[in-house]
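Assemble the complex: chain C is given as a structure, and chain Y must be docked to it using the hints.
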Amino acid sequence: MGAKMERTSVWKFALLGVLGWVSVFLMPQPAEAEYADVVINNYADAAGMRPVVFPHWYHRIRFRCKVCHADLGFKFKAGGNKITMAKIIDGKFCGACHNGEVSWSVENCGMCHSGIPGTPTHISGSTVQRLVAPAYKALPQ
Amino acid sequence: MRNILIGITAAVSLSVIVPAVNAEEAAPLSLAATTPITSAEVTGSVPQKLNVSKANVFNRLLKKIKDPNAAPPDDGIHDRANDAVFALQPPKVAYEGLPTTTFGNHVDWVKALDDGLLNPRYDRVDPDVEPFIMDLDIVRPVKASVPDVVFPHKPHTQWLHCSNCHPKIFIPQRLANTISMSAIILGQKCGVCHGKVSFPPETTSCKKCHSKPKPADWKPPLSQATVKNPWR
Numbered sequence: 001m002g003a004k005m006e007r008t009s010v011w012k013f014a015l016l017g018v019l020g021w022v023s024v025f026l027m028p029q030p031a032e033a034e035y036a037d038v039v040i041n042n043y044a045d046a047a048g049m050r051p052v053v054f055p056h057w058y059h060r061i062r063f064r065c066k067v068c069h070a071d072l073g074f075k076f077k078a079g080g081n082k083i084t085m086a087k088i089i090d091g092k093f094c095g096a097c098h099n100g101e102v103s104w105s106v107e108n109c110g111m112c113h114s115g116i117p118g119t120p121t122h123i124s125g126s127t128v129q130r131l132v133a134p135a136y137k138a139l140p141q
Numbered sequence: 001m002r003n004i005l006i007g008i009t010a011a012v013s014l015s016v017i018v019p020a021v022n023a024e025e026a027a028p029l030s031l032a033a034t035t036p037i038t039s040a041e042v043t044g045s046v047p048q049k050l051n052v053s054k055a056n057v058f059n060r061l062l063k064k065i066k067d068p069n070a071a072p073p074d075d076g077i078h079d080r081a082n083d084a085v086f087a088l089q090p091p092k093v094a095y096e097g098l099p100t101t102t103f104g105n106h107v108d109w110v111k112a113l114d115d116g117l118l119n120p121r122y123d124r125v126d127p128d129v130e131p132f133i134m135d136l137d138i139v140r141p142v143k144a145s146v147p148d149v150v151f152p153h154k155p156h157t158q159w160l161h162c163s164n165c166h167p168k169i170f171i172p173q174r175l176a177n178t179i180s181m182s183a184i185i186l187g188q189k190c191g192v193c194h195g196k197v198s199f200p201p202e203t204t205s206c207k208k209c210h211s212k213p214k215p216a217d218w219k220p221p222l223s224q225a226t227v228k229n230p231w232r
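So the protein lines, in turn, are chains C and Y. 1 is the number of the first residue of the first sequence in the working numbering; add one for each residue after it. 1 is the number of the first residue of the second sequence in the working numbering; add one for each residue after it.
The set of hints was computed from the structure by calculation and includes no laboratory data. The structure displayed is predicted, hence computed values, not measured ones. Each residue gets a CB set at the ideal place from its N, CA and C atoms; glycine is no exception. Mixed in with the good hints, there may be bad ones.
For each label pair, taking beta carbons as the anchor points, the in silico distance ranges come out as [unchecked claim]: (1) Y:D115 <-> C:G118: 38 to 44 Å; (2) Y:D217 <-> C:G118: 55 to 61 Å; (3) Y:Q89 <-> C:L131: 28 to 34 Å; (4) C:I89 <-> Y:I171: 17 to 23 Å.
Bound-form chain C, shown alone (with noise of 0.2 Å):
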């Protein structure tokens, strides 16, 4: 009597244990963020608002660095350009075109405060985000 319950509660916990590790592979895998999106979070969090995500990708399919790097000022630093919504607003920066005749206006404030809370300033993907210490790790969600 005993041995056989000993058996069946050995089979339960085996398939307790396949349970648990087909649950851990489907969990959903980290995914990496397309590769140069800028997150920038200079003034977001403190100020209430979820950190800025910049797709480059889907910038640079329609214009070519030159626009932004040369002729609006955009320097090549992720953070390095300290935009803040009043000179977006004035038309500088993302507001040179950001304002309703190139593209869509400031009043969709998700689309660009689209970032998980407290993700620090940093380009996803970059060489220096994937060395052995990288800058900035992901925090665990």
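Just chain Y, lined up with the frame of chain C:
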């Protein structure tokens, strides 16, 4: 308590079928239990694994990206609680029909532009402004035995303006710029763009820059430690 131990052991021993790293981690646990059934299951493959040291586990310093073109809601930096994230275009939709690579965005942007698949504006508002293209290749001899670097101005001027690189990043003068791969990987010189936005320095992309084979009579330069050695 014993049942739980058996359960863990069973789970662990079944995990042998999944990757070897898991089996190595699991091996010490399965030895801890003394149930005959489980040990019989274990003896098949695990004892040999025990002799393998952790030093043999591959240490991938630059990890491979699992899903390179994840949609914004699933990419780990966009907040799923924000409804607007679901309105954003997934990169894969935009990349359809573009030539592919194995690194960066997995899109060959320069080829796409040359093939006429893309026509990004050179001016903020006027779509008819033509870029100022300069076709000048700069050959940079490399000290190491890898092929020499050919820097083509043409694809760079298709996208950028002279003032983007000159004179702040690169002094427009021969032998005035010292460039190293470590500087590039850390985001200096070429690495201001390559490795952040344009194609990154990876093992599969070396030859995109290091493209000119060394001359037939080329020999690697001797290191100073060898040259100064009087017993050489």
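Hint by hint, here is what the structure shows:
1. Y:D115 <-> C:G118: 38 to 44 Å: This hint holds: roughly 42 Å between Cβ atoms.
2. Y:D217 <-> C:G118: 55 to 61 Å: 58 Å, holds
3. Y:Q89 <-> C:L131: 28 to 34 Å: Cβ of Q89 of chain Y to Cβ of L131 of chain C: about 30 Å, so the range 28 to 34 Å holds.
4. C:I89 <-> Y:I171: 17 to 23 Å: Since the Cβ atoms of I89 of chain C and I171 of chain Y sit about 38 Å apart, the hinted range of 17 to 23 Å is violated.
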